[in-house]
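Number of protein chains: 2
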Amino acid sequence: MDNLMQPFSLRVSEILDHAARYHPWRKIISRNVEGPIVETNWSSVRIKAKKLSKALQKLDIKKSDRIGVMAWNTARHLELWYGIPGSGAINHTLNPRLFSKQLTYIINHAEDKILMVDLDLIKILEEILPTCKTVTHAIILADKANMPRSNLPNLICYEELVANEDSDFEWVTGHETEACGICYTSGTTGNPKGVVYTHRSNVLHALTSASPDMINLSSTDRIMPVVPLFHANGWSIGYTAPLVGASMVMPGKEMTPEALYEMLEKGVTVTAAVPTIWLLLLNYLKEKKLKLSSLKRVIIGGSSCPKAVIESFQKDFGVKVLHAWGMTEMSPLGTICSFKPEVLELSEEEKISVQETTGHPPFTVELKLTDDNGNKLKNDGKTQGKLWARGAAVVQKYLKFDEKVVDNDGWFDTGDVATIDENGYMSITDRSKDIIKSGGEWISSIELENAAVGHPKIVEAAAIGVFHPKWDERPILVVVCEKGTRVKEKEITDFMSDYVAKWQIPDDIIFVEEIPHTATGKISKIGLRKILENQNYQHPDIQQ
Amino acid sequence: MDNLMQPFSLRVSEILDHAARYHPWRKIISRNVEGPIVETNWSSVRIKAKKLSKALQKLDIKKSDRIGVMAWNTARHLELWYGIPGSGAINHTLNPRLFSKQLTYIINHAEDKILMVDLDLIKILEEILPTCKTVTHAIILADKANMPRSNLPNLICYEELVANEDSDFEWVTGHETEACGICYTSGTTGNPKGVVYTHRSNVLHALTSASPDMINLSSTDRIMPVVPLFHANGWSIGYTAPLVGASMVMPGKEMTPEALYEMLEKGVTVTAAVPTIWLLLLNYLKEKKLKLSSLKRVIIGGSSCPKAVIESFQKDFGVKVLHAWGMTEMSPLGTICSFKPEVLELSEEEKISVQETTGHPPFTVELKLTDDNGNKLKNDGKTQGKLWARGAAVVQKYLKFDEKVVDNDGWFDTGDVATIDENGYMSITDRSKDIIKSGGEWISSIELENAAVGHPKIVEAAAIGVFHPKWDERPILVVVCEKGTRVKEKEITDFMSDYVAKWQIPDDIIFVEEIPHTATGKISKIGLRKILENQNYQHPDIQQ
Numbered sequence: 003m004d005n006l007m008q009p010f011s012l013r014v015s016e017i018l019d020h021a022a023r024y025h026p027w028r029k030i031i032s033r034n035v036e037g038p039i040v041e042t043n044w045s046s047v048r049i050k051a052k053k054l055s056k057a058l059q060k061l062d063i064k065k066s067d068r069i070g071v072m073a074w075n076t077a078r079h080l081e082l083w084y085g086i087p088g089s090g091a092i093n094h095t096l097n098p099r100l101f102s103k104q105l106t107y108i109i110n111h112a113e114d115k116i117l118m119v120d121l122d123l124i125k126i127l128e129e130i131l132p133t134c135k136t137v138t139h140a141i142i143l144a145d146k147a148n149m150p151r152s153n154l155p156n157l158i159c160y161e162e163l164v165a166n167e168d169s170d171f172e173w174v175t176g177h178e179t180e181a182c183g184i185c186y187t188s189g190t191t192g193n194p195k196g197v198v199y200t201h202r203s204n205v206l207h208a209l210t211s212a213s214p215d216m217i218n219l220s221s222t223d224r225i226m227p228v229v230p231l232f233h234a235n236g237w238s239i240g241y242t243a244p245l246v247g248a249s250m251v252m253p254g255k256e257m258t259p260e261a262l263y264e265m266l267e268k269g270v271t272v273t274a275a276v277p278t279i280w281l282l283l284l285n286y287l288k289e290k291k292l293k294l295s296s297l298k299r300v301i302i303g304g305s306s307c308p309k310a311v312i313e314s315f316q317k318d319f320g321v322k323v324l325h326a327w328g329m330t331e332m333s334p335l336g337t338i339c340s341f342k343p344e345v346l347e348l349s350e351e352e353k354i355s356v357q358e359t360t361g362h363p364p365f366t367v368e369l370k371l372t373d374d375n376g377n378k379l380k381n382d383g384k385t386q387g388k389l390w391a392r393g394a395a396v397v398q399k400y401l402k403f404d405e406k407v408v409d410n411d412g413w414f415d416t417g418d419v420a421t422i423d424e425n426g427y428m429s430i431t432d433r434s435k436d437i438i439k440s441g442g443e444w445i446s447s448i449e450l451e452n453a454a455v456g457h458p459k460i461v462e463a464a465a466i467g468v469f470h471p472k473w474d475e476r477p478i479l480v481v482v483c484e485k486g487t488r489v490k491e492k493e494i495t496d497f498m499s500d501y502v503a504k505w506q507i508p509d510d511i512i513f514v515e516e517i518p519h520t521a522t523g524k525i526s527k528i529g530l531r532k533i534l535e536n537q538n539y540q541h542p543d544i545q546q
Numbered sequence: 003m004d005n006l007m008q009p010f011s012l013r014v015s016e017i018l019d020h021a022a023r024y025h026p027w028r029k030i031i032s033r034n035v036e037g038p039i040v041e042t043n044w045s046s047v048r049i050k051a052k053k054l055s056k057a058l059q060k061l062d063i064k065k066s067d068r069i070g071v072m073a074w075n076t077a078r079h080l081e082l083w084y085g086i087p088g089s090g091a092i093n094h095t096l097n098p099r100l101f102s103k104q105l106t107y108i109i110n111h112a113e114d115k116i117l118m119v120d121l122d123l124i125k126i127l128e129e130i131l132p133t134c135k136t137v138t139h140a141i142i143l144a145d146k147a148n149m150p151r152s153n154l155p156n157l158i159c160y161e162e163l164v165a166n167e168d169s170d171f172e173w174v175t176g177h178e179t180e181a182c183g184i185c186y187t188s189g190t191t192g193n194p195k196g197v198v199y200t201h202r203s204n205v206l207h208a209l210t211s212a213s214p215d216m217i218n219l220s221s222t223d224r225i226m227p228v229v230p231l232f233h234a235n236g237w238s239i240g241y242t243a244p245l246v247g248a249s250m251v252m253p254g255k256e257m258t259p260e261a262l263y264e265m266l267e268k269g270v271t272v273t274a275a276v277p278t279i280w281l282l283l284l285n286y287l288k289e290k291k292l293k294l295s296s297l298k299r300v301i302i303g304g305s306s307c308p309k310a311v312i313e314s315f316q317k318d319f320g321v322k323v324l325h326a327w328g329m330t331e332m333s334p335l336g337t338i339c340s341f342k343p344e345v346l347e348l349s350e351e352e353k354i355s356v357q358e359t360t361g362h363p364p365f366t367v368e369l370k371l372t373d374d375n376g377n378k379l380k381n382d383g384k385t386q387g388k389l390w391a392r393g394a395a396v397v398q399k400y401l402k403f404d405e406k407v408v409d410n411d412g413w414f415d416t417g418d419v420a421t422i423d424e425n426g427y428m429s430i431t432d433r434s435k436d437i438i439k440s441g442g443e444w445i446s447s448i449e450l451e452n453a454a455v456g457h458p459k460i461v462e463a464a465a466i467g468v469f470h471p472k473w474d475e476r477p478i479l480v481v482v483c484e485k486g487t488r489v490k491e492k493e494i495t496d497f498m499s500d501y502v503a504k505w506q507i508p509d510d511i512i513f514v515e516e517i518p519h520t521a522t523g524k525i526s527k528i529g530l531r532k533i534l535e536n537q538n539y540q541h542p543d544i545q546q
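Chain order of the listed sequences is R and V.
3 is the number of the first residue of the first sequence in this note's numbering; add one for each residue after it.
3 is the number of the first residue of the second sequence in this note's numbering; add one for each residue after it.
Hints listed in this document are in silico derivations from the structure and should not be mistaken for laboratory results.
Hints are not guaranteed to be accurate.
Heads up, the list lumps identical chains together, so a pair's fine if it works in one copy or across two of them.
[Claimed, not checked] No more than 20 Å apart at the CA atoms, straight line, and that leaves these computed lysine to aspartate or glutamate pairs for EDC-like:
#, residue 1, residue 2
1, K29, E347
2, K378, D19
3, K370, E16
4, K309, D423
5, K399, D4
6, K195, D404
7, K29, E424
Produce the complete structure using the sequences and hints provided.
Right, dumping it as structure tokens:
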């Protein structure tokens with residue numbers, strides 16, 4: 003009675019096969035790392051990927067072997083995206099912006115057998131390769147003419163390697179829950195942890211993220227991922243685009259507004275990146291009085307998107323913003339802010355407010371809020387709670403971790419604090435470890451910081467909770483003022499009281515010259531706590 | 003290394019849970035069989051479905067038991083759509099238009115334990131129930147006040163049954179390849195055969211058919227399936243709509259243009275049915291000078307859609323036509339005619355020609371053409387071949403058949419002959435058993451018939467191939483002329499030569515008063531062959 007339908011394995015090779023079969027000539031325009039802008043298509047990408055799979059097997063790659071890839075967004079990278087899993091191996095994306103020690107750690111931890119590296123990253127390769135214990139071959143993503151000079155022996159030229167093979171190769175098959183790719187989380191504490199995407203999770207994720215209420219990607223779109231393929235599964239765009247037969251533009255390593263604008267004007271209809279990229283681009287466009295002639299939608303995620311960016315894209319350039327939230331651990335899509343009918347009924351101004359949330363989840367993703375004791379909280383758009391996620395492409399275990407990172411009901415703790423409204427629209431309000439718990443109520447450190455930096459003389463502000471005998475925790479604020487200026491404490495608290503409730507106003511303000519930052523430029527609350535500890539800082543109520 | 007993502011079972015209960023969680027208040031407007039138009043939503047459908055699951059278990063329904071459902075498209079039917087599989091049982095849709103003997107055959111073949119029947123179909127139930135060996139209970143889909151009078155004992159009232167339960171029920175779980183629904187093919191030869199959809203095939207099918215290049219269904223749509231839920235998996239709309247959180251209109255049993263127009267005007271944005279329905283509606287709209295105020299897209303399938311219908315919807319009413327092809331055996335979606343970039347570049351007239359094809363497949367569906375020896379033929383838009391299908395929601399075995407109905411490479415023979423063009427757009431040209439094979443070339447009987455009935459005095463025409471000593475087969479044409487008129491053979495062949503190649507022109511024309519038809523109103527080629535056999539008909543070249 004069961005299982006009378008045909009078997010169909012949800013493996014990523016099916017995605018590329020579909021693209022090459024039904025959308026073979028769809029253009030992929032790519033700025034190569036060597037410099038020139040080149041064109042290819044899904045049919046050619048598939049042929050190159052098959053050649054690569056064949057070559058990798060000759061380099062003794064066996065099923066489930068890991069291959070580390072440190073590369074920018076190019077058409078060549080897409081060949082790897084399919085050639086590596088097609089050979090049975092696992093595509094381990096490496097972020098070249100990590101410290102060498104971190105790179106060495108994750109390459110050794112994943113036991114990568116081969117490294118494939120863009121030619122401009124040769125210096126990093128030279129630095130780390132001697133410390134990578136399991137790596138047997140290094141492949142440079144270049145043609146023979148552009149192979150970099152290096153003191154490393156036996157570097158393999160990618161284009162030569164691939165040119166020596168034919169494409170007569172059957173993709174390696176296997177169960178759909180086999181590993182397909184690995185991405186390590188940067189991890190603010192402890193060592194980076196490896197998230198292992200399966201073939202199945204990648205295919206289901208691509209299917210759901212393409213849907214009309216999510217990215218709404220079709221074969222008539224041309225999508226440019228500015229977000230690097232090594233960030234959080236490349237936001238899955240390397241899978242979603244060929245699944246729907248979309249055309250692509252790959253911007254290479256040039257991230258200047260000029261370079262991105264040049265690529266956007268090659269008929270791009272959808273693009274995706276973090277807010278910083280778009281702030282720079284919007285300024286550039288306004289300064290140069292330029293228009294976006296083909297762009298229709300921009301996906302903004304990675305961190306909260308300022309209202310001004312949303313408004314400028316939509317009002318000044320006629321480009322619809324899709325504010326999104328995700329995590330490396332979620333493949334990465336958690337939510338996208340498209341308009342449900344309830345939102346379509348609102349005024350334009352109210353719609354913009356909705357767009358400041360990160361939206362609602364696709365099919366297969368489920369979110370919930372709880373208090374510290376795991377009691378479910380209501381979705382009223384106000385109540386803050388710990389944010390938990392469940393889904394078909396959400397992590398269950400990290401690589402080489404025995405324990406699951408989900409609770410008994412299968413929920414993954416995102417580490418975020420959020421609100422969810424009646425219509426399912428979610429807003430991150432803080433990280434769990436940064437939220438300030440005052441007398442049973444939760445105060446968002448981010449909200450306090452945003453309120454404070456609105457003051458014209460405040461350059462940076464960090465809110466943290468300190469122990470209080472009566473309220474458990476109370477907020478205090480660490481502030482950096484503009485050089486050579488002074489602001490009175492009361493002026494700041496008065497200013498803030500326009501934006502936050504009275505009982506949330508920080509009890510103390512500490513003026514400093516500098517606030518410590520993490521490697522990725524965020525405020526280091528851990529560093530800040532250490533400084534305060536060293537000074538034996540205590541809440542004023544205790545000091546008195 | 004493998005399987006580190008969370009488990010997520012592709013079961014249809016996940017679809018309804020998602021709809022109730024993120025689109026709870028989306029309206030479902032339904033014309034009840036009792037008469038009134040009522041409103042419900044996904045949250046309420048889920049509650050009722052859970053109550054039904056609970057009640058079914060009390061009626062001794064165990065996992066994989068079959069429940070036969072004979073019902074029109076109502077919100078209540080949607081409750082069954084989830085309540086039955088939610089209880090672990092299998093939803094066996096029954097077509098009330100079948101002959102009683104056929105109904106009895108398929109109910110006994112599937113071994114249905116319970117029958118659930120709309121109140122207006124009580125006469126059919128009374129007729130067949132005594133012959134249904136495995137049925138232990140019959141449930142009438144009505145409230146107490148509307149229970150029909152019947153001599154059948156122990157009829158259960160659906161609304162009473164459900165009202166007696168609470169919704170505190172966990173959906174029955176299990177492997178995603180477990181059976182979820184059954185639909186029997188009508189079968190022109192032999193007994194009907196049962197196609198068994200799995201939970202997985204239904205979920206994957208709903209996901210792919212919602213995608214932007216297919217139905218493009220979103221939470222802002224309101225979809226009305228005119229095609230009955232008992233036809234070919236209800237074109238999957240009962241799954242696709244809640245998966246994306248769409249609103250629905252369920253038209254009930256009233257299929258008159260007046261009744262359908264009334265329901266379309268309740269904010270419907272997408273609708274779906276066979277061409278006949280739309281021909282009647284378009285005539286009605288023109289006659290009454292009516293407009294379609296909310297409808298944006300119409301999905302037309304089930305049989306080839308006349309160009310005039312496509313043009314009238316698009317030009318007269320501003321409604322985009324999505325010509326589609328599918329089969330009960332394919333869950334049913336095979337292809338939809340949306341525009342790829344290659345088509346967008348064409349003139350408006352050329353686009354209409356493309357829309358006469360049934361379009362291209364979604365991800366997970368693969369089509370190919372072969373000759374009689376299984377050699378793959380090219381996709382050039384001209385070469386006719388046997389059409390084969392592979393996919394995640396395509397049949398592998400029929401119910402209680404030991405042999406697979408796929409070849410060694412997993413291909414299912416659709417029984418159709420088709421062409422596929424360079425861009426993957428497919429056109430059915432004939433049924434395999436009807437195509438005329440003349441000297442190695444294939445002549446479409448349908449093309450000949452269409453060419454002939456263009457003649458103003460020809461009412462109906464049927465082309466069949468008869469044995470020929472030199473060419474294997476040659477076409478002859480059986481013709482019914484308008485009453486009281488006569489047409490010369492040469493006039494017909496001259497007329498046809500404007501539409502088909504010379505060598506395809508039928509060698510003989512036989513004038514008859516009437517052509518035999520099947521139960522569903524199609525020309526019965528089998529019946530026609532029998533008549534000719536009885537007359538010892540032979541090709542003119544043999545007779546001479």
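Now the hints, each set against the structure:
Proximity of K29 and E347 under a CA criterion of 20 Å is satisfied inter-copy only: 15 Å between copies versus 38 Å inside one chain copy. For the homomeric pair K378 and D19, the shortest alpha-carbon distance between copies (17 Å) is at most 20 Å, but the shortest distance inside one copy (44 Å) is not. Taking identical chains as interchangeable, the C-alpha atoms of K370 and E16 lie at most 20 Å apart only when they sit on different chains, with a minimum of 16 Å there against 33 Å within one chain. When the C-alpha separation of K309 and D423 is checked against a cutoff of 20 Å, the pair qualifies only within one copy, where the shortest distance is 19 Å, while the shortest distance between copies is 47 Å.
For the identical chains of this complex, K399 and D4 are inter-copy neighbours only, at 10 Å across copies versus 30 Å inside a copy, given an alpha-carbon limit of 20 Å. For the identical chains of this complex, K195 and D404 are intra-copy neighbours only, at 13 Å inside a copy versus 48 Å across copies, given an alpha-carbon limit of 20 Å. Proximity of K29 and E424 under a CA criterion of 20 Å is satisfied inter-copy only: 16 Å between copies versus 42 Å inside one chain copy.
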